[in-house]
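Participant: Residue strings, one per chain:
2 protein chains.
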Amino acid sequence: MAPVYKLTYFPLRGLAEPIRFLLHYGNIEFEDFRIETENWPEIKPHMPFGKIPSIAITRYLAKKVKLVGANDLEDLEIDAIVDTINDLRGNIARYHYETNEAVKESSKKPLFEETIPYYLERMEAIVKKNNGHLAVGKLTWADFFFVGIVDTLNFMIKKNLIADCPNLQGLQKNVLNLPAIKEWVAKRPVSDL
Amino acid sequence: MAPVYKLTYFPLRGLAEPIRFLLHYGNIEFEDFRIETENWPEIKPHMPFGKIPSIAITRYLAKKVKLVGANDLEDLEIDAIVDTINDLRGNIARYHYETNEAVKESSKKPLFEETIPYYLERMEAIVKKNNGHLAVGKLTWADFFFVGIVDTLNFMIKKNLIADCPNLQGLQKNVLNLPAIKEWVAKRPVSDL
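Heads up: the protein sequence lines correspond to chains A and B, in order.
According to the working numbering, the first sequence holds residues 1 to 193 in order.
According to the working numbering, the second sequence holds residues 1 to 193 in order.
To be clear, the hints were calculated from the coordinates, so they are not data collected in a lab.
Do not take every clue at face value.
Same chains, same names: a pair is fine if it fits in one copy or spans any two.
Unchecked claim - Calculated pairs, EDC-like style, for lysine to aspartate or glutamate (alpha carbon to alpha carbon, straight line, at most 20 Å):
no.	residue 1	residue 2
1	Lys108	Glu98
2	Lys109	Glu98
3	Lys173	Glu124
4	Lys6	Asp72
5	Lys44	Glu29
6	Lys51	Glu113
7	Lys158	Asp192
8	Lys187	Asp151
9	Lys51	Glu74
10	Lys63	Glu74
11	Lys44	Glu113
12	Lys44	Glu114
Okay, chain A solo, but in the shape it has when bound (with noise of 0.2 Å):
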C-alpha cells in the first residue's frame, strides 16, 4: 500500500488552502486533518517550530504534480512572486491579529492606502503582461498559492483585495474553474479564515 499523506492544520482554508488544492489537481490522495483550536496546545510542541512548514510543503507538492519551472531561471521567478505574495499576506495578517487597538489603528491606514494598492498594482501589471499568470507565462503553483489565500485575505480586510484588478480576477476564475479545484471548493467546509 503507498503511502497516504496527512494534512496537519487548522479547521481553516488558511496557508493549508494551496496544498490542498495542489493535491486535489494531482488527485493525490491525502487525509484532511483539521484539528480543533483546543487541541493545538498538545500539538504544537511536536511541530518543528511550533509551525506548519507551508510554503517549503507546497514547493514540494508543486514539483510533484508538475506545477513548477521548466528551468532553474523559471522556478526562481516563481519563488520570487510567491515569496512576494507572501510578504503581502503577512502584512494583512500582522493587522488581523494585532490586539493592541491603538497599534491596529495606526497601521490601518499605510497598510490601506499604501502597501495593499503597491503590491496589487504591480501583480495585475506582471498579470497582464504574463499571459493570464503570475509567473512564467503558464499555470504554476505560483497561481494555486495566490488564489488559495486571496480569500482569506479578503476576509481578513473586510474587502476584496483584487475588486480593481481584472486581470487578477481572471486569474481566479480560471484557477477555480479547473475541474479537480472547482470540485474541491464546491464541497470544501466553510470558514471565515
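Knowing the structure of chain A, use the given hints to seat chain B on it.
Facilitator: Frame of chain A; chain B shown alone:
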C-alpha cells in the same frame, strides 16, 4: 563571453551575504554592486516589488553550486528551515527598524525572552542531532543562509544570538573556515548590518 552576474544591494551584508557566500563558494564571477543609500529611491522603482528577491536568488544559486538536497524531500527539509530562520530574522528586523519607541519597548521582552530562545533552542537541537548542520545531515545552503546573516542579526539585537549554542557556533566556525568563505570574509567591506 559568458554573462557575469551583477548583484545589486545596499553597502551591507544583510540578505545579500548568503548570496555572496554562494557565489564565492562556487567560484562564480560576479559584480558586487553596492548602491549608496541615497541612490535607492532612484533604483527602487526598477525592482519589481521594491525589494530584492533574496531568498529566491539564494535558492537558485544553491542549485548552481550544488548545496541543495539529494531529492525533493531533502529540499523540503532545507526550505522549511530556511523559512524558519527567515521568520526569526523578520522578528528581529521588525524590532530593530521599529520607529515608534513605545511599540519597540513593548516588543522587547517577548522578543528576547520568548521568541529568540524558542527558535535558538530548537535550531541548536537540530544541529546537534544532525551531524553539525541545519538540514539533511550535510552542508547545504541553509547553513550558508544562517551563517551569512547571523552577524547582522547580532548587530540588531546588540548581543551574540548563539552565545549559548555550542553546536551552532561549531556550524558557524565550519562555514567560516571553508577556504572560499574565509578568503571573502577576510576582505569584505566592513559594515554594521
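Participant: Hint by hint, note whether the structure agrees.
Facilitator: Now for the hints, and whether the structure bears them out:
1. In this assembly of identical chains, the alpha carbons of Lys108 and Glu98 lie at most 20 Å apart whether taken from the same copy (11 Å) or from different copies (16 Å).
2. Taking CA atoms no more than 20 Å apart as the test, Lys109 paired with Glu98 passes in both settings, with 14 Å inside one copy and 17 Å between copies.
3. In this assembly of identical chains, Lys173 and Glu124 lie within 20 Å of each other by CA distance solely inside one copy; the values are 14 Å within and 45 Å between copies.
4. Taking the closest pair of Cα atoms, Lys6 and Asp72 come within 20 Å of each other only across two copies (18 Å); inside a single copy the shortest separation is 29 Å, beyond that limit.
5. In the homo-oligomer, the alpha carbons of Lys44 and Glu29 never lie at most 20 Å apart, since the shortest distance is 25 Å inside one protomer and 45 Å across protomers.
6. Proximity of Lys51 and Glu113 under a CA criterion of 20 Å is satisfied inter-copy only: 19 Å between copies versus 30 Å inside one chain copy.
7. In this assembly of identical chains, Lys158 and Asp192 lie within 20 Å of each other by CA distance solely inside one copy; the values are 11 Å within and 41 Å between copies.
8. In this homomeric assembly, Lys187 and Asp151 come within 20 Å of each other (Cα to Cα) only inside a single copy, at 16 Å, whereas the closest approach across copies is 49 Å.
9. For the homomeric pair Lys51 and Glu74, the shortest alpha-carbon distance between copies (19 Å) is at most 20 Å, but the shortest distance inside one copy (28 Å) is not.
10. In this homomeric assembly, Lys63 and Glu74 come within 20 Å of each other (Cα to Cα) both inside a single copy, at 13 Å, and across copies, at 13 Å.
11. Only between protomers do Lys44 and Glu113 lie at most 20 Å apart by alpha-carbon distance; the minimum there is 19 Å, versus 36 Å within a single protomer.
12. Taking the shortest Cα distances, Lys44 and Glu114 sit within 20 Å of each other only across copies (15 Å), while inside one copy they are farther apart (35 Å).
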